[in-house]
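Asks: The task is simple: from the sequences and hints, build the whole structure.
Protein chains in written order, with this note's numbering: chain A, 1 to 288; chain B, 1001 to 1423.
Since the hints were made in silico from the structure, they are not lab data.
These numbers were taken from a predicted model, which means no experiment stands behind them.
Ideal Cβ placement from N, Cα and C applies to all residues, glycine included.
Some clues are possibly wrong.
[Said to hold, decoys possible] No farther apart than 25 Å at their CA atoms in a straight line, the calculated lysine to any residue pairs in the SDA-like style are these:
hint: 1; chain 1: A; residue 1: K284; chain 2: B; residue 2: D1243
hint: 2; chain 1: B; residue 1: K1222; chain 2: A; residue 2: R13
hint: 3; chain 1: B; residue 1: K1222; chain 2: B; residue 2: R1003
hint: 4; chain 1: B; residue 1: K1066; chain 2: B; residue 2: M1111
[Said to hold, decoys possible] Away from chain B, derived, C-beta distances all over 10 Å, residues of chain A:
hint: 5; residue: I26
hint: 6; residue: I41
hint: 7; residue: L88
hint: 8; residue: T92
hint: 9; residue: M102
hint: 10; residue: G105
hint: 11; residue: P129
hint: 12; residue: K206
hint: 13; residue: L245
hint: 14; residue: L268
[Stated by the list, open to error] Computed, partial: chain A to chain B, Cβ under 8 Å:
hint: 15; residue: H10
hint: 16; residue: D19
hint: 17; residue: D65
hint: 18; residue: G108
hint: 19; residue: T230
hint: 20; residue: P283
hint: 21; residue: V286
hint: 22; residue: K287
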Amino acid sequence: MTFPRVSPPHIRRDRTTSDIMTDVCIALLPCAVAAVWFFGIAALLRLAVAVASSLAAGRLTGRRDDVDAAAVVTGLIVCLSCPAQVPLWLLTGGCFFAVCIMRDGFGGIGQNMFNPAMAARSVMLTVFPAQMIGYGLPDNVSAATPLITGSSIWSLLVGRVAGSMGETSVLMIGVGLAWLLVRRVVRFRVPFLATAAFCIVMLATKQDVLAQLLSGSFLFGAVFIFTDFTGKPTTAVGEVCFAVLVGALTALLRLYGRYPEGVCFAVLAVNLLTPFIERITIPKGVKP
Amino acid sequence: MKRFRGGVTLSHTHAMKEAAAREALQHLSPDIVYVSLRAGGRVLTPCVTTGETVRVGQRLAEDDEKRIPPLHSSISGTVTAVGIFHPAADGGEAPTIIIQNDKENRAGNLMPPLTETTSPDEIVTRMYDAGLVGMGGSGYPTHRKYRGLQAKWLLVNACECEPYLAADLFLSQQNVALIGQGSRLLARAAGVEEDHIRLCTESAAAADALRETALAVVTLSKRYPQGSERQLVETVLHRRLPDGVLPTQDGIVVSNVATAAAMGDAARGLPLTHRIFTVSGQVERPMNLLVPIGTPFADAVAFAAVTAKGRVRYVAGGPMTGRRLTSLMAGIPKTCGGLTILASQSSPETPCIRCGACVRACPSALMPFWIDHLAQAGDIERCTTLRATSCLSCGCCSYVCPAKRQLAARITAVKREIKERSV
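Replies: Put into structure tokens, the structure is as follows:
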């Protein structure tokens, strides 16, 4: 099967894969700034290490034409979903694991079955729980995550609470979402439906919906992780199924799971279902 | 206004289209015309000989099986070669009749005009005699579409399918009387009542002009591919045609506005010898030309001040579905609405990131990235299950793809492969 080397269409939309990945990096910046603001030089150092190691990992195992920004996105998400006192060796290892094994080991950009950052995070969390769970407060007083302590709504919005580096500030996540929506990298459907499903489960189990929604890493996940192209179905109906499943599963894992947060495990589980969801939601066309 | 599924907005090209439609029509008089004998997968038999003097409208070649309508001379002059291989607009080389223009424009014998009482069969015969084919680009012989047809609706398509091209837009603002007459004749041939004719355009100005025909006019969106016939049916008649079902099988006949105008001419006894042709793209002043069929593309290029930098790509037709010309000496065929001149740029294919843009853009609700993937693996069977044969080759998927994959080209190749295997 062949076709002419120069084939129609002869005009293409300007946007490239690199543009999309750069937009995601930009959308992650507010969260990174918040991390540095609240957790200081420690966060800055860890962001730098994560970006450098994911770039190196991308160069090590990626294809020659892979865009660097894609690896940076993975590194940033791994870093921002870790607590501020995560050891540098663990963070570096996590970034290499995410890019080299979970992304390139599965066939490279677009071929990976699981969200690389979330796969790395879940491995880090289960293998090194001591290093991953002791959340630091902004003033570096070790304390439990707000899911356990409870905080005022305002500090949850701003992010002046204990938690993973980049996931505490709801306002900054909102700024990131706005950028992704304006640049049309992300559509409204997945984050909105996942949030709705999450809230419904919380309501049904008589939880404090607002506190549950604003604390922990759910909103960070809804904006930056559930929307990852590779792990979700491409069909419209498939996206709806995916969003509802992942939102509800996150809530259930948070309530009944062994770990304080369920985002990473919920994403991995629904990633597994994605090929199936996609296959059964292929548009059938109009039948005679 | 109802929207069709998928598609893309190409707003940056709208201004060029309107600019071209505003310019006065330039009449081209080429020194030599090249009429390709290859049409619709067949080669026509010449009925002139080298050295013969021909007049405008004289029959040059015809199909032994009458599947393809005859070709007519678009100029008066001397035949200098018959059946010689010459570059063709549809690729490669084809047997061609070459005529030297004497610039005297001597008209041949006209066919008798059609009257109010002409029967549908006579109209269909006239379609054949006048050399009518689908001028929107399909090139499907009009007489074969209308023969024995009993339809309920006639959609006259003035929505230029392609960006940049403005031939239909220009025509619908200029030759309104001809369009009206032609549309009524088409309707009569198809057994369509007059109040079931819809003139469809995407331009408000053209809609105003077309209302003078006293036929119903529908204004549609500027979204691409509004001019594709299935999308036209979807938006005008709120009906999505099942896969593999042609509009004519559902009682709907769609004809291009230029075909309708050519029908109007045919009724006056004039065969199809000229067409309106847009020169656009990265040029200083996009414009419409009236070209005799067979005029080399090079003569049209002479009217364009090319602004594209570096290597230039000449595309026969519009940028979304047009074919790159390998030679500018090819003659302009009846079906070609324009020439798009673009800077030659190639973007290498990178891996699919599953962003789903192609799935959203596909007007046929296909999964382009998936078919692309299977095609590369050579799994034609599963491409068939994924309805690859319903692809319109509109190019929307490739246009939106951030990984710059050649989705449309590969799916078109798959479609061809499936067709060949089923024969």
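Asks: Is the claim that A/L245 lies outside the interface with chain B correct, judged by CB distances over 10 Å?
Replies: Fine: 17 Å to the nearest Cβ keeps A/L245 off the interface.
Asks: Can the restraint linking B/K1222 and B/R1003 be considered satisfied, given a maximum Cα separation of 25 Å?
Replies: Since the Cα atoms of B/K1222 and B/R1003 sit roughly 10 Å apart, the hinted pair holds (cutoff 25 Å).
Asks: Hold the hint about A/K287 up to the distance rule: shortest CB distance to chain B must be less than 8 Å.
Replies: This interface hint holds because 6 Å falls under the 8 Å limit.
Asks: Regarding the pair B/K1066 and B/M1111, is the alpha-carbon distance no greater than 25 Å?
Replies: Roughly 18 Å between the alpha carbons, so the hint for B/K1066 and B/M1111 holds.
Asks: Is it the case that A/G105 keeps its Cβ farther than 10 Å from each residue Cβ in chain B?
Replies: Holds, since 15 Å exceeds 10 Å.
Asks: When the nearest CB of chain B is found for A/D65, is that gap smaller than 8 Å?
Replies: Holds, because the Cβ-Cβ distance from A/D65 to chain B comes to roughly 5 Å (cut-off 8 Å).
Asks: Hey, is A/K206 genuinely clear of chain B, shortest beta carbon separation above 10 Å?
Replies: About 37 Å separates A/K206 from the closest Cβ of chain B, which puts it past 10 Å; holds.
Asks: Hint check: is the beta carbon of A/P283 less than 8 Å from a beta carbon of chain B?
Replies: holds, 4 Å
Asks: Quick check for students: does the CB of A/M102 sit more than 10 Å from each CB in chain B?
Replies: Holds: least Cβ distance 15 Å, greater than 10 Å.
Asks: Compare the distance between the alpha carbons of A/K284 and B/D1243 with 25 Å, and conclude whether the hinted pair is satisfied.
Replies: Judged against 25 Å, a Cα distance of about 10 Å means the pair holds.
Asks: May I ask you to check that A/I26 keeps its beta-carbon over 10 Å from the closest beta-carbon of chain B?
Replies: Label holds. Min Cβ-Cβ 16 Å, cutoff 10 Å.
Asks: Check the non-interface label on A/P129: least C-beta distance to chain B beyond 10 Å or not.
Replies: The assertion about A/P129 holds, with a minimum of 32 Å to chain B.
Figure legend: structure checked against the earlier numbered hints; every hint is met.
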